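2 protein chains.
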Amino acid sequence: MIEIDGNRLNGRVEAFAVIGATQKGGVNRQALAEGDRRARQLLADLARARGFSVSQDPMANLFIRREGRDDSLAPLLIGSHLDSQPAGGRFDGALGTLSAFEVLESLEDAGIETERPVVVVAWTNEEGCRFAPGCMGSMAFSAGEIPSEWHRKLATDGAPFAGELTATIESLPGAQMVPLGFPVHAYLEVHIEQGPSLEANDIPIGVVGGIQGTRWLDVTVRGQTAHAGTTGLAYRRDPLRALTAGLANLYEAIMPADADARFTIGRISVEPGSVNAIPEEARCTVDIRHPDPDRLDELEKQVASAIEKEAGQQRCSVSIARSFDMPPCTFPPELQDTIERAAANAGFKSTRMLSGAFHDALFVNRVAPASMIFVPCRDGLSHNEAEFVEPRHAVAGCQVLARATVSLAGETRR
Amino acid sequence: MIEIDGNRLNGRVEAFAVIGATQKGGVNRQALAEGDRRARQLLADLARARGFSVSQDPMANLFIRREGRDDSLAPLLIGSHLDSQPAGGRFDGALGTLSAFEVLESLEDAGIETERPVVVVAWTNEEGCRFAPGCMGSMAFSAGEIPSEWHRKLATDGAPFAGELTATIESLPGAQMVPLGFPVHAYLEVHIEQGPSLEANDIPIGVVGGIQGTRWLDVTVRGQTAHAGTTGLAYRRDPLRALTAGLANLYEAIMPADADARFTIGRISVEPGSVNAIPEEARCTVDIRHPDPDRLDELEKQVASAIEKEAGQQRCSVSIARSFDMPPCTFPPELQDTIERAAANAGFKSTRMLSGAFHDALFVNRVAPASMIFVPCRDGLSHNEAEFVEPRHAVAGCQVLARATVSLAGETRR
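Here the protein sequences come in this chain order: A and B.
Residue numbers for the first sequence follow the working numbering, beginning at 1 and rising by one.
Residue numbers for the second sequence follow the working numbering, beginning at 1 and rising by one.
Since the hints were derived computationally from the structure, they do not count as laboratory data.
A quick note: this is a predicted structure, and the numbers were derived from the prediction, not measured.
Keep in mind that a hint or two might mislead.
One-sided and incomplete, this derived list gives chain B residues near chain A with beta-carbon spacing under 8 Å [as the list claims (entries may be wrong)]:
{"#": "1", "residue": "A228"}
{"#": "2", "residue": "T230"}
{"#": "3", "residue": "V275"}
{"#": "4", "residue": "G356"}
Don't be surprised by glycine CBs; every beta carbon is placed ideally from N, CA and C.
The following block holds chain A by itself, in its conformation from the complex (with noise of 0.2 Å):
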């Protein structure tokens, strides 16, 4: 039976917090800058140092092989992803890359042979914010090629992606170069749940059974713009009116009648903005999340007709666009039932549930059975320097992915 070590789990997660460590205890480790770099080396001289071939792909995404007894086999891949957010926490993406790291070792410490070889993988830019979109390695390992128009993109802080890129797989010059995307059996991935209800309901393990789809529509409701002293209500046509109306209805409206319904409004402004003058227009982004594709429709559809009529009724126009849109995804039920049955194996209590963020997995999902592994954060908290995992939830995690790994890589004793 399969042992991972807990401590030096935790351990190397404490370690690679320290690259790009910042001042409230979180990192700062963007996508194909410094401290991503250091933290490639960093897990690839771990792995020359227990004997793994390194290799990466023209994506800059890792791997890390040990072999099976059957080399010509597909391998497993299990990993998540090291870039973080610019004010990130130390857990998302290392915990999972990390433990999958610990596996290869417990596997390894433990004399286990493997039918299959098993491949731990750190993927390039899960977060997509030094460059969108996020999951850009998984995506161009799935779909087989780099899209030619990331090669013009430029980073928030002005670098170039095609040079970030070359820079990043020549920061790593002892790892073998292969063809981007290759055969595999199956895709694991530990994660933190970034959500609350984990650790709400005291259940260490989550059986992640999908991706809930994802909408993004830019709204905009043109007025005009007129002297806030000298203008009558009856002069009025006030955008900024017309969308708080819309949205205190659906704020009201969609979250409390479908509980698999996500419905935020992360980011409104208007224009001139001046404390004095009613705006000429006002706009807002929307999120909406569900996993029913049809449902996210009808949520569209409830967005657009909600605030058209507060418009109307204020005389003014609306425009709403599609920013992203991003369908459901499906984990194949039977990789859910072998993480059940690692957790129960294991001694730790599961629940199965949908991931509300996108992940790797997601990508990896259109090419091989995919799915997920999650732990409970505290407080939910993510994408903040405050994020924490208890250290016994990032052993469960890791040990029920160990337990997956053998299962699904194939024991053969020696």
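Following the hints, put chain B in place on chain A, whose structure we already have.
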């Protein structure tokens, strides 16, 4: 009977609109910048050509004086300002200043001697857009001193106030320097309404009885940022949900119930401002206006209580700070009677009204009886390059100012 030259007046408005002209037909003549200096120079040149004396004070307020029979009497002061918004109209300020100068020329043309001197004034920085606050010139004039902290102010373009003021004064080397503040018999100012009511009621002359009180509030609602996808309704503490609900209630409650009230949200923003993050903080400005100071207090309480109620429901906290508080001002009834008689005498329909916006007259009224003559502007548009005053309305305002000037300064046939 004095008659102004309407063609000369409208031609002058055209001529001044060339200084700082924008492509869309407006002007950019911000206070103490190049365009403002050139407008002052042109007015001073016109004044000297007619033999009037030109002076300025340490705030660069510009004065053009036509002597009366008894020069020891306090002068009648008439005028407005020459500075504009960055994308301003050609009438706001310039029409009042050039109407006052037209009255001076018409007195000269008709050979009318007045008992008192008549002084035309162009106040410095009424708009307050390049340097805050607005009405700096009239404020300092009525206070008799320049607040010392103004000298440390920087323009929105980075230029230091003290340097720009000195350079503006030095750009009129021929003007006699006079101390700040002098006794004033009365002050009259022609101005565009900057609102739609005169045009809507087809009345050419507004007799301004006062300026409504204004209070500005900075509202901050604090909640907790969290991931839009992973955070269910029960775990949300969404400050924007609270703020939009509060504002939607206030828009419905305040203005329909009280026709004298004005309630405007000119700025709104959220932090961190990510499309997929529930905001940590939502902020807005509130501009409330009312002619009755007690109602201003009540409205402030109503705003606070509506937002606090909604914030409580979302487990958010609220802080509200006053950023500006200007009590209502009432102009002397006798001066309004004088304007009303002048309008009737010139054959124009007039109506008494309040000003929703500040003007220099508010500050002059602290040291001398003051009132204003409003003329209609198209669609109530102002602070806008499309601002437009029909020539016949410009003429009407100037004609009423001329009659009121003769009445207040006292006519003595030579």
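Now the hints, each set against the structure:
Hint status for A228 (chain B): holds, given a least beta-carbon distance of 4 Å to chain A, under 8 Å. Taken as an interface hint, T230 (chain B) checks out: its beta carbon lies about 3 Å from the nearest beta carbon of chain A, inside 8 Å. Here the hint on V275 (chain B) is kept, as its CB sits about 4 Å from the closest CB of chain A, short of 8 Å. Using the Cβ-Cβ criterion of 8 Å, the hint placing G356 (chain B) at the interface with chain A is satisfied: the shortest such distance is roughly 3 Å.
Every hint from the earlier list agrees with this structure, and none is contradicted.
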